[in-house]
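J.: So the sequences go chain by chain: C and X.
Counting from 1, position 305 in the first sequence corresponds to residue 305 in the numbering used here; the numbering is continuous, with no gaps.
Counting from 1, position 30 in the second sequence corresponds to residue 30 in the numbering used here; the numbering is continuous, with no gaps.
FYI, nobody ran anything at the bench for these hints, they're computed from the structure.
Treat each hint with caution, since some may be false.
Taking CB as the label site, the calculated pair distances span [stated by the list, open to error]:
(1) C/ASP42 <-> X/SER114: 23 to 31 Å
(2) C/ASP166 <-> X/ALA87: 36 to 44 Å
(3) X/ILE127 <-> C/THR354: 23 to 31 Å
(4) X/GLU132 <-> C/GLY242: 52 to 60 Å
(5) C/ARG318 <-> X/PRO44: 41 to 49 Å
(6) C/ASP270 <-> X/SER6: 40 to 48 Å
(7) X/SER6 <-> C/VAL337: 34 to 42 Å
(8) C/ASP161 <-> X/ILE127: 43 to 51 Å
(9) X/GLY12 <-> C/ASP161: 21 to 29 Å
(10) C/ARG46 <-> X/PRO44: 50 to 58 Å
(11) C/ASP42 <-> X/ARG51: 54 to 62 Å
Cross-link-like lysine to any residue pairs, in silico, SDA-like; alpha carbons within 20 Å at most [said to hold, decoys possible]:
(12) C/LYS257 <-> C/VAL359
(13) C/LYS85 <-> X/VAL25
(14) X/LYS105 <-> C/PRO89
(15) C/LYS85 <-> X/ASP109
(16) C/LYS191 <-> C/LEU214
(17) C/LYS85 <-> C/ILE56
(18) C/LYS85 <-> X/GLY108
(19) C/LYS85 <-> X/ALA27
(20) C/LYS85 <-> X/GLY141
(21) X/LYS105 <-> X/LEU189
(22) X/LYS105 <-> X/ALA173
Examples of chain C residues lying across from chain X (beta carbon under 8 Å, computed) [claimed, not checked]:
(23) GLU92
(24) ARG162
(25) SER202
(26) TYR205
(27) ARG318
(28) THR352
Quick caveat, the model's predicted, so the values are computed rather than measured.
Using N, Cα and C, we set each Cβ at its ideal position, and we do this for glycine too.
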Amino acid sequence: MNRIIDLGLLFSTTGPYHLMGQASRLGALKAIAQVNADRSLDFAFRAVERDPGGDIDAYAPLCEDILKSSAARHVVGCTTSWSRKEVIPSLERMGGFLWYPTPYEGFEASDRVVYAHACPNQHLLPLLDHCFAAYGQRLYLTGSNYIWGWEMNRIAREASDRGGADVLGERYIPIGSTDIARLIDEIAALKPDFVLNQLIGSSQYAFLEAMADLRLRDPVFSEGHCPILSCNMTEAELPAIGAAAEGVISAGPWFRKLAPALPGNEGREDFGSSFEAVSHGSVMMLARLLASSPDAETASLPELLALPDAATLGISARTHHLTLPVAITQVRNGAFVPIKTYAPIEGDPYLTRTQTPVVLPLIKVVI
Amino acid sequence: MRRRLSIPDLGGARAEILHRPHASVAALTRQLQAVGLLVECHWPDLPAAARAADYLFIDVDTAHDDQFPWEPGEAPLPTIALIGYEAPGRIEWLMNFVADAQILKPVGDNGVYSALLIARATFDARIGLAGEIDALRRRLGQRQTVVQAVALLAARGKTEDEAYAQLRGMAMAWRVSFEDAAEAGALWLRDHHAGRGGRCFRPEYRAICAGRTTVRRADTVW
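Looking at chain C on its own, in the form it has when it is part of the complex:
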């Protein structure tokens, strides 16, 4: 008889970053359906879902609830780094493991987590390199007031110091706040060559709207000048942002119409965004690892990642990070258009390895 393996899903489908949470959840559900329809696998996943609704204090209790009330040991979930850091102690206490499917700021390598999306050497650093060369050396940093923005901007500051670039200013907005007038005034006064934006959710939407207004008022900011950069903007949020997203330059492992998609997607490309694709890939990779031995669901994550299959999938047993391609894209006419693509590069969470990404213009764009 087929095994049934419980799999936790912990995404916020409401709250300030619900579009990201929904995209991740959708990818996981697609993979669960794919696994369950796959007759070559001797097990099926049963989703055990909890929705923290964007409430930071709900993540740890709901994660514990998944691990307590079901047989699930693996949870796919969390969008923000803050929530991931909240659930890690629960995972340690309850013997669970997390597949974290969204971009993050690095400087973590928990034995209980797989970091399946990009970290700074796979998004921020290639993005900055491109923009220093293409737009200039005077930049402005902004972000939501928590670890993602703080750490990403610190890395940007360090990269700027190294490259002789000049950080003109840095300002943070509380998560969920849309009070961005001072931020816009400062940018209008400082006239940077580009703005690195680590705002999330509604703050980012308000910021992009206000920047679009500024572009109409002030010719210094007219089309093609002073672009806004992002390391986590994907198609998942594009419809919510609308025309204000035009010109945003975003880095990520995959965007729509790029082929092939990512490790674990196994050739599928029918995803709305990298959030969906990585989440799908995470569940598929877990399925491949679990399929490799009859009682693999009782194995720990380090044991699973020590299997030869893990290396084939591109998961590092040393750091639990993935080898991922890098694409730098710009929003044009409502879609992300690739500007530059790089060959897959190993995730380097502590930025301790010197790897120069290789520009690879070969990734096919499917029309």
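Given chain C, work out where chain X should sit, using these hints.
T.: Showing chain X alone in chain C's frame:
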């Protein structure tokens, strides 16, 4: 003033662990390797070659001075204490040994990266401060020399203010500290008074002693 943390180069850095084989060592090793360090474990003694490593982790529960090829308080590399027993005697030993950061045992899934950053910053600050204190001590010891130099110059008909101004001029001309200039000046003046011609052969100094700011040919001839 706000301190800007300079992130040390950890990729390929060498960490030595002095601890008996234990689950905490395995957890520590895993974290260090994830960050990108090379790890070597030793027990019960630390080889002299460990001095050349970049970081040292020690087991405070069992450590004693004889294990280390240096005197307590003189660790030549950033040292991180692994503390299990919070017994006052062990903490007292640690205070004498001096560590730059600490991690509580059992070592789990995290804590190593921040300990590395703090240990490196604390060690660098400790070394920097020790050098600064040495320099200040030396300058303090030279105060008597300054008084002597001023007195000797005053004996040549200068007021105290003029004598100070002259020493300052010498220090600037030679690009040395005020105290070093005073020391050289006092030496020269003492010898000069004793009729020994002087052991200080710097023409700038002779010029300044003569109340001039430019060196003349006569200053270079002895």
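J.: Quick one: which hint numbers does this structure break? Sort them smallest to largest.
T.: 1, 2, 5, 8, 13, 20, 21, 22, 24, 25, 26
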